[in-house]
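Visitor: Residue numbers (this note's numbering), protein chains in the order written: chain R, 10 to 201; chain V, 4 to 161.
Calculated from the structure, these hints are not laboratory results. Everything numeric in this text was worked out from a predicted model, so none of it was measured. Hints may contain errors.
To be verified - One-sided excerpt, in silico: chain R residues whose CB lies under 8 Å from chain V:
| # | residue |
| --- | --- |
| 1 | Gln56 |
| 2 | Ile60 |
| 3 | Leu67 |
| 4 | Thr116 |
| 5 | Pro117 |
| 6 | Ala147 |
| 7 | Gly151 |
| 8 | Ala155 |
| 9 | Gly158 |
| 10 | Ser162 |
Even for Gly, the Cβ is constructed at its ideal location relative to N, Cα and C.
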Amino acid sequence: MPNNSMILSSRRAFLGKTGKTLSATALAMVVGGNIRSATATTTDASQDIKILNAAIALEHEGIAAYQIAATSGLLDPAVVDIGVTFQGHHKGHRDVLVKAVEMLGGTPAEEKSLGAYAQELKASTLKNQADVLRLALALETGAANAYLGLIPSLGPDYHQVAAQMAGDEAFHAAILANALGQPIPKAALMFG
Amino acid sequence: MKTPLYVIVLFCAVLISGSALAKDAINSIGMDKTQVTSQGDSVPPYVVSEKLVGVGEKLYKRRCGGCHSLDNNRIGPRHRDVYGRKAGVVANFKYSKALKNLDVIWTDETLNDWLVNPTAFAKGTSMGFRLGKTNERNAIIEYLKSLSSAPGFSAGVK
Chain R
10 MPNNSMILSS
20 RRAFLGKTGK
30 TLSATALAMV
40 VGGNIRSATA
50 TTTDASQDIK
60 ILNAAIALEH
70 EGIAAYQIAA
80 TSGLLDPAVV
90 DIGVTFQGHH
100 KGHRDVLVKA
110 VEMLGGTPAE
120 EKSLGAYAQE
130 LKASTLKNQA
140 DVLRLALALE
150 TGAANAYLGL
160 IPSLGPDYHQ
170 VAAQMAGDEA
180 FHAAILANAL
190 GQPIPKAALM
200 FG
Chain V
4 MKTPLYVIVL
14 FCAVLISGSA
24 LAKDAINSIG
34 MDKTQVTSQG
44 DSVPPYVVSE
54 KLVGVGEKLY
64 KRRCGGCHSL
74 DNNRIGPRHR
84 DVYGRKAGVV
94 ANFKYSKALK
104 NLDVIWTDET
114 LNDWLVNPTA
124 FAKGTSMGFR
134 LGKTNERNAI
144 IEYLKSLSSA
154 PGFSAGVK
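Bound-form chain V, shown alone (with noise of 0.2 Å):
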């Protein structure tokens, strides 16, 4: 029997996807975005990856758990809410000039620039600490905006 070409096409597309999904879970957001956060806030969650969360989760406790906890000020900010809120602003911790002077808003765009290299994006700043692998930025960037509930930020939308 002869297979026709459009089910052997098929065939490849599907392995060829589904090869590119097991490569790198990470990557394969996008399509399982749930609202998880903050149920019952009077404020919208922001919408995020569960899966994504998970492996940020993770992570966030192998990279940053040297100097960052969510609640309490350590070597570094406490950083619950960090996702939607201005730089600089946790009371009770002692930011560089750097950090209290930098006009910015922590979003997805502004945290992946600081992690890459927050000495270039906050010359000055205390914190040397930064994340060279794209997929890690991503899962632990997606973890912390899980933990946010900032009003008024994108919130809910993607």
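If we strip away everything but chain R, and leave its shape as in the complex, we get (with noise of 0.2 Å):
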């Protein structure tokens, strides 16, 4: 089954120029498979608009992190590795994202400059591997938690879709706190 920035992509394409306009009904069709929860999102896509461009932010944040990191001179050549992999998954995440905005009718939101993120993630403070490593693992773990955390508050049409950014970002985290050495969570239900 093909993923759904590939779905929302060809459905663009053949819709042609009436991909910003699109009716709230082709979009859930498009994005949620099925009709009858195209009423739901019907009453409140300025509200879905808001959120996901929210997730647009965070996703915006987390691929200067890791460029921040990448070139920092601190990690060893396999973790920027690991970090560039990474960086590629919350690109991906970004664009499924951008055309969902756009299809609603919104504007993305814009990402800001690198030096920006830097003094907002406090990058000066980071001085060796270990410090990259928890910064990465606090911002995925808290990644993880606002998906999970959003998903009531978005139309049904993007449940699914935030669900799967949460459990990329789980994943994220559960290579870095390995990285870091730190024991795996005795209780179930570590995140949201």
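Relying on the hints, combine the two individually framed chains into one complex.
Guide: Okay, structure coming up:
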């Protein structure tokens, strides 16, 4: 089965110039795959745009964080490779979310400068590889939890995609925690 | 020897209250309120439970840390001093119209309602994150309160 972004882009190409003004019904068909859930989406497209845009802002920050980390000179080459792969996942998330916002008729949140992200993440305080890994772990853990907490506020057509994002972030967090030598949490329901 | 009834009753009462505390240490606040914040400030600090603040700090990092920091605007506005302040007033943060126009002071009650369902509290807000668990909300709100020195708003009074 094709992934969401492929569905989105092929539907969009098919619908041509109307891409930006797709009706909520069409959008629900595209994203949710069934018409019945369309009614719920129609009511609150503007609310979904707001929430999805905050998620885009989160992904922009994540992409920047891995950029700052990869070019910090603090990481082993093997760790840089992992970071760049994770950054690719965040770019994938951003692309799916940007398409969703555009199809709802919204304007996707723009990224800030790398310097602005470095400042807000206090990148200057990072002194070694463990510091970088700890920051990445905190951000990924926060992101997994953030997506899980967004689900009930989002229209039903975006529940699955938010859960998919949360899954990816949790995967990243697990790898990072392992790299830091942290023990596996004993209790179930680690996120959300 | 026959144990007097009142001893048994007393013993049971101790057991019950003990297990209730153990079950949810977070709910045992109200007994250990201390003043831990803003020492030396001219403004009296809020009265908070140190224990709950500790729980709240950890939870804040996990639940809110994807989007918020104390001292920097990120996906959401910075949080230091948010307790007791009007909504939507952090400098250089681009709030939604919904939050900018929200005529609300952040208190135990308003923060709680906000975190239960932000888009119902302020329709059109860009924060969609809900925090479903009451004990987590209580702990995080206590933590935010401990970081605030907002004057004139039930400061030092519980």
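Visitor: A separate judgement is required for each hint: does it hold in the structure or not?
Guide: Hints, one by one, checked against the model:
At a threshold of 8 Å, the smallest CB-CB gap from R/Gln56 to chain V is about 6 Å, leaving the interface hint in force. Restraint check, R/Ile60 versus chain V: the minimum CB separation of about 4 Å is within 8 Å; hint holds. Proximity of R/Leu67 to chain V holds as hinted, the smallest CB-CB distance being about 5 Å (cut-off 8 Å). For the restraint placing R/Thr116 at the interface with chain V, the shortest Cβ-Cβ distance is roughly 13 Å, beyond the 8 Å limit, so the hint is violated.
Nearest Cβ of chain V to the Cβ of R/Pro117: about 13 Å, over the 8 Å cut. The hint is violated. The restraint placing R/Ala147 at the interface with chain V holds, with a minimum CB-CB distance near 6 Å, inside the 8 Å limit. Taking 8 Å as the C-beta contact cut-off toward chain V, the hint placing R/Gly151 at the interface holds, the least distance being around 3 Å. About 4 Å separates the beta-carbon of R/Ala155 from the nearest beta-carbon of chain V, less than 8 Å, and the hint is met.
The closest approach between the C-beta of R/Gly158 and any C-beta of chain V is roughly 4 Å, which is under the 8 Å cut-off, so the hint is satisfied. Interface hint at R/Ser162: satisfied, since its Cβ lies 4 Å from the closest Cβ of chain V, which is below the 8 Å cut-off.
Of the numbered hints listed earlier, those contradicted by the structure are 4, 5.
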